[in-house]
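Trainee: Single-letter residue listing:
Protein chains: 2
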Amino acid sequence: MTTAALDLTADVVELTRALVDTPSESGAEGPLADAVEAALRALPHLTVDRVGHSVVARTALGRAERVIVAGHLDTVPAAGNLPARLADGRLYGLGACDMKGGVAVALRLAAALTAPARDVTYVFYECEEVEGDRNGLHRIAADRPELLAADLAILMEPSDAGVEAGCQGVLCADVTVRGTRAHTARAWRGENAAHRSAEVLQALADHVPERVIVDGLEYREGLSAVAVRAGVAGNVVPDTCVISLNARFAPSRSPQEAEEYVRRIIPGGHEFVVTEVVPGALPGLDHAAVASLVDFLGVAPRPKLGWTDVARFTRLGVPALNFGPGDPVLAHTAGEFVEVGQLAECERKLGEWLRG
Amino acid sequence: MTTAALDLTADVVELTRALVDTPSESGAEGPLADAVEAALRALPHLTVDRVGHSVVARTALGRAERVIVAGHLDTVPAAGNLPARLADGRLYGLGACDMKGGVAVALRLAAALTAPARDVTYVFYECEEVEGDRNGLHRIAADRPELLAADLAILMEPSDAGVEAGCQGVLCADVTVRGTRAHTARAWRGENAAHRSAEVLQALADHVPERVIVDGLEYREGLSAVAVRAGVAGNVVPDTCVISLNARFAPSRSPQEAEEYVRRIIPGGHEFVVTEVVPGALPGLDHAAVASLVDFLGVAPRPKLGWTDVARFTRLGVPALNFGPGDPVLAHTAGEFVEVGQLAECERKLGEWLRG
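Which chain is which? The protein sequence lines are A and B, in order. All the letters of the first sequence, read from the start, carry residue numbers 1 to 356 under full-length UniProt numbering. All the letters of the second sequence, read from the start, carry residue numbers 1 to 356 under full-length UniProt numbering.
It is worth saying that the hints were derived from the structure and are not from the lab. All residues carry an ideal CB built from backbone N, CA and C; glycine is no exception. Among the clues, some could well be false.
Unchecked claim - Partial list, derived from the structure: chain A residues whose beta carbon lies under 10 Å from chain B:
id, residue
1, 27
2, 28
3, 306
What the hints assert, rightly or not - Estimated spans, in silico, between C-beta atoms of each pair:
id, chain 1, residue 1, chain 2, residue 2, range
4, B, 31, A, 186, 51 to 61 Å
5, B, 14, A, 268, 54 to 64 Å
6, B, 300, A, 275, 53 to 63 Å
7, B, 267, A, 271, 21 to 31 Å
8, B, 208, A, 206, 21 to 31 Å
9, A, 186, B, 14, 25 to 35 Å
10, A, 82, B, 181, 36 to 46 Å
11, B, 132, A, 210, 25 to 35 Å
12, B, 335, A, 131, 37 to 47 Å
13, A, 210, B, 208, 30 to 40 Å
14, A, 269, B, 267, 20 to 30 Å
15, B, 256, A, 82, 46 to 56 Å
Okay, chain A solo, but in the shape it has when bound (with noise of 0.2 Å):
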């Protein structure tokens, strides 16, 4: 497949149509990435790096403040919603609101800002919807770190155009009832697992997650059964019921008290297996360069309840923050799209407060 060429200097709304054309599931975002990179190159104002299927492109104009603008290149599976469509002041099609949206505001602003007040980092990267061993960032993190080094991080990620601060950690856990199988013609021989497993689901049932503030952000927790699997065969007894959690906490817990707080919730007697953890990032609003941009935006931060590459970069030393246009409730819905007046103003904006 031939992908056209991208054009930096077309209306935003056009090149966000272009993007969302090109196809790009994660591990497959190779064309793309291509056509990224090819554009530019061809900017004279900026260095550019590839890993992988990630595009890094930077100034290098020795300004005091370094500030990284950051998108994925990647989408969740097509579902029916290629190619893209304008209609009613709204762009549908894949990825138009997570998040093609955001890059083309990212490209645009690539292309224009030849001498920006703050020095500024470019990031187009793979795999973001996948696995985070996969995820662009955290490949080129291993590989070239000084790629990564800012005072700044802001994802394009979908905000509705508003500042989304830290983000949520994520526990996900097994608890594993036990019981005895036996035939179902002598269950009383048996202990039913799946039976047995109504204490731990009534436990969920009646949990009633926190909201916790930090910052002045009210970060609101969940803690999910999100699967549930019992069953040997249709005439036997299942001797192990397996519930699966998703927990959503606030920055201001650790993993580990995290995992010591799904602990206390769950009954006891059964095995609990954390599968994954991963902590959120706090919002970071006294960071000089956060605050800077956030009163400049003149809005008012909310919480990011999901978790995004925010953390990510916390954890690199790098404050972050979402900022970009599109309804992050639309994410990864087959109707996704974005507002045209929304990729303008988050053009605007951000290209205002770049060039100082």
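Add chain B to chain A, keeping to what the hints say.
Mentor: Structure of chain B alone, referenced to chain A:
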């Protein structure tokens, strides 16, 4: 594969061994059915018919009573338990208990009893261990119903050389608990179907099954969740949780009564769909032929808790019971065996009663 001819004059243990060593998992009974058919056709006192991989052999002596002696030829899949092995007075191997020991007894009697006091119909049939519509008896009843006319059917299913009378019915149902999907980062926007299912599982855990007395026999009922399935993705609040039930009900309840009974136990507000229901069979100890055999054997009948083809014969209007060598609890276990002593005992007792 060439299957060795069966020698029906061989010792019952050697004959059982030969049957075990002729593999016949459900659907692959052909070679064993061929061998059984050939051996029976060599006997001039029997009329032999073949239906699929089932073989029916009858005396036609004009006796006042006709008795069916039946055994299925198929086994569950092998579990490293072939070939047969004789040790400590036990014959081990796939199907030794369920139910090639019983088949061997029936074959020996078919060969030996040239002029029994009761006419006998020997039925060796296929596909008992799988779906009911593949069952050899089902097919014979459909294609050649006259072959199954009788005053009593003796199923040589393992019953520890005792009489197991009647059998419980089986009701399978799916309870579907509904909720609303949501991203786990905003779990409160959804309703977790797995959490809601706690009340169903708790009701099952709290339920104490009844013990129902019929004809002096105690049928101990059961109601088990045999499967629980919920889960959309690791970060999604599930909108559906399906709990599959397997109920065993006393033969004094009709299928409709059994369904009403189970519905009363499950909390309301959830979808309840019966996926399968098969009635049980009353013990029928008041039938003359049944009473005669039970008296002759001098054993106290026990209730059959699992479902067997006794129920199928009952529906065909033929009183039926289980009487065969082997401990029923060993059926379908890798270590199944049959006591050599029980093989001889069953052959002797049943032979004496049929001779009259």
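Trainee: That 37 to 47 Å hint for residue 335/B and residue 131/A (C-beta), does it hold up?
Mentor: holds, 43 Å
Trainee: Do the beta carbons of residue 31/B and residue 186/A sit within 51 to 61 Å of each other?
Mentor: violated, 34 Å
Trainee: Is 53 to 63 Å right for how far apart the beta carbons of residue 300/B and residue 275/A are?
Mentor: Since residue 300/B and residue 275/A have Cβ atoms about 54 Å apart, the given range 53 to 63 Å holds.
Trainee: Lying within 20 to 30 Å: is that true of the beta-carbon distance residue 269/A to residue 267/B?
Mentor: With a Cβ separation near 25 Å, residue 269/A and residue 267/B satisfy 20 to 30 Å, so the hint holds.
Trainee: Verify the CB-CB distance for residue 256/B and residue 82/A against the hinted window 46 to 56 Å.
Mentor: Holds - the Cβ-Cβ distance for residue 256/B and residue 82/A, about 53 Å, lies within 46 to 56 Å.
Trainee: Quick check on a hinted range of 36 to 46 Å for residue 82/A and residue 181/B, using CB atoms only.
Mentor: Distance hint for residue 82/A, residue 181/B is violated at roughly 23 Å.
Trainee: Please check whether residue 210/A and residue 208/B have a Cβ separation lying inside 30 to 40 Å.
Mentor: holds, 38 Å
Trainee: Determine whether the Cβ-Cβ distance between residue 267/B and residue 271/A falls within the hinted range of 21 to 31 Å.
Mentor: Given about 28 Å between the Cβ atoms, the range holds.
Trainee: Just to be sure I understand the hint, the distance between the Cβ atoms of residue 186/A and residue 14/B should be within 25 to 35 Å; is that true here?
Mentor: holds, 33 Å
Trainee: Can you verify the interface hint for residue 306/A: is its Cβ closer than 10 Å to any Cβ in chain B?
Mentor: holds, 4 Å
Trainee: Does residue 27/A hold up as a contact with chain B if the rule is Cβ-Cβ below 10 Å?
Mentor: Nearest chain B Cβ about 18 Å off; hint violated.
Trainee: May I ask you to test the hint 21 to 31 Å on the CB atoms belonging to residue 208/B and residue 206/A?
Mentor: Holds, at about 25 Å.
The structure is inconsistent with the numbered hints 1, 2, 4, 10 and 11, although it conforms to all the rest.
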